[in-house]
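Protein chains in written order, with the working numbering: chain Y, 1 to 327; chain E, 1001 to 1229.
Heads up, a few of these hints could be off.
The calculated DSBU-like cross-link candidates involving lysine-lysine, where the alpha carbons are at most 35 Å apart (straight line), are [unchecked claim]:
1) E:K1223 to E:K1172
2) E:K1172 to E:K1093
3) E:K1223 to Y:K149
4) E:K1093 to Y:K149
5) Y:K137 to Y:K149
6) Y:K137 to E:K1172
7) E:K1093 to E:K1223
Calculated directly from the structure, the hints in this document are not laboratory data.
For clarity, every value in this text was computed on a predicted model and none was experimentally measured.
Listed here are the chains, written in short residue letters.
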Amino acid sequence: MSSTTLEIRSSGALNVVQDLGRAGWLSQGISNAGAMDAGALRIANAMAGNEAGCAAIEISLFPFRAQLLADATLAWAGADSTAAIDGMAHPPWWSTRVRSGQTITIAPPRRGARVYLACSGGIDVPLVMGSRSTDLKGGYGGLQGRGLKRGDVLASGTAPEGDHHSFGVLLAERQGYFAELDGGEVTLRAIAAAEYGAFTAEAQTAFEQTAYTVTSEANRTGYRLDGAPLALRQRLELLSHGIVPGTVQVPPNGQPIIQLADANTCGGYPKIAIVIDADLWRVAQAPVGTRLRFVLIDAEAATQALHAHEREHQRLLGNVARWRRAP
Amino acid sequence: MTDATDTRAGPPRVSHAGSSALLLDAGGERFSLPVQQRLWTLGAPDSPLRALPWVNECVLGVNNLLLVYDPLAVTPSEARAQLLQLWQTSESKAEIGTTHEVPVDYDLSGDGDLAAIAERTGLSMQEIVHLHSSAEYRVACIGMIPGFAYLVGLPERLVSPRRASPRPGLPKGAVVIGGTQAGVLPITTPSGWHVLGMTDVNVFDIQRPNPCLFAPGDRVVFKVGGVSP
């Protein structure tokens, strides 16, 4: 059962329906897609009383406006954005009950790049290959395989009845990240990739010692960066090979590209490093102009980082669930 | 190009391809069909590798395989050891896959890519059509974009460097060649490959339970004409 819940009142071809992605299809050339900042999506869902894998709206063009066509609990997380409901301001990372007819406006972020707007019951679009995520390149998933525009109407699934008090979360990890953005520079942990050793000593030093700026060519497919060019010791011809989000490729011009959620499943450019999974959200929330600094760690340390990240996340989700039941 | 006798591939290299991914690179600089045949076995849907509970994805590449694992269920060093062990015991199965016949409406207009290749190679347009449509291709792997099959087996004389800059919006159904490989575009996409003609065979359709028509190891032959207008 689902019912129409939201009418989009602002156009933004890059505002898309996303869930946790289309896992298990890489070998068919199908990108994972899914929320660029999966942690923010999971928390927005938890605040709205949803399962972690429900679909929400990933907003990267602001201001975003939508009108409610039915009562619903809305929750938003991700970038540092204020949301106004019929003009009443609410903080970032907040959840509240919204009545049919009311309008929510999400302001451009003070810090960060993407906001996830979850709705009780989850956004209900057809499952395509096991996911509701929009794949813009393939033209499927989400709402007709495209970004949302003014006049689109979205349905949501049936939501369990619950308490409808307003609350928000404030995460030390996110506050620390926003402070980094205030300084214009974000640190990313990465693992050396197959061709790391094929780069010159100067390139290896530059990669860790200098910053790479996010250029305007930055979207769900990948971010092109600008900084000290990374040269190979000698020309390399690679056969096509599978890549995952986070892969830092270096095309012949020496300027790195971080491949992200909608990246092609195979590539042929040399790879210097891969941003660890636990830090992909830090890329997702870095606006154009942010300086990125890479710190290389080993694979065991990356696994430990992921364990720590996941533990912290589970603890937080538990707290949110408890708070929803008994504030 | 696809030198079926090239077995010079040295010991495989396994590298970290992410905090939950390993890349097994079993090839040399040039494509080796015997190596690819072993990889088809290693990455097959019913393979022992796929049956491991911590394996999330096996992505075949050209003479390589990307393994995506659950980092909360296995350590990187255990995953690496298992991958190498299964590779060392994997064998190529001689005959796998099905054969697909793909009718092509070749572009003989004289102002398309086919004519440009004729100009560059000194072959006539008819010779290009004959060479392309009389070879038998194998699906090395699926990837890059949804449902795109990397076809190996392109005759040496048709090898054509990819364009320096990709063209936007080459149409779904375009029959293309690029470098030493051939393919059929599954969706409309930017591409640096050269278009020889069009087919109405739908190689990628999300309405099908298995959206990809081709699978690794399949054979593909192109035939002249027979495309519905």
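Now the hints, each set against the structure:
| no. | hint | in the structure |
| --- | --- | --- |
| 1 | E:K1223 to E:K1172 | 18 Å, holds |
| 2 | E:K1172 to E:K1093 | 32 Å, holds |
| 3 | E:K1223 to Y:K149 | 44 Å, violated |
| 4 | E:K1093 to Y:K149 | 51 Å, violated |
| 5 | Y:K137 to Y:K149 | 17 Å, holds |
| 6 | Y:K137 to E:K1172 | 13 Å, holds |
| 7 | E:K1093 to E:K1223 | 27 Å, holds |
Hints 3 and 4 from the list above are not met by this structure, while the remaining hints are.
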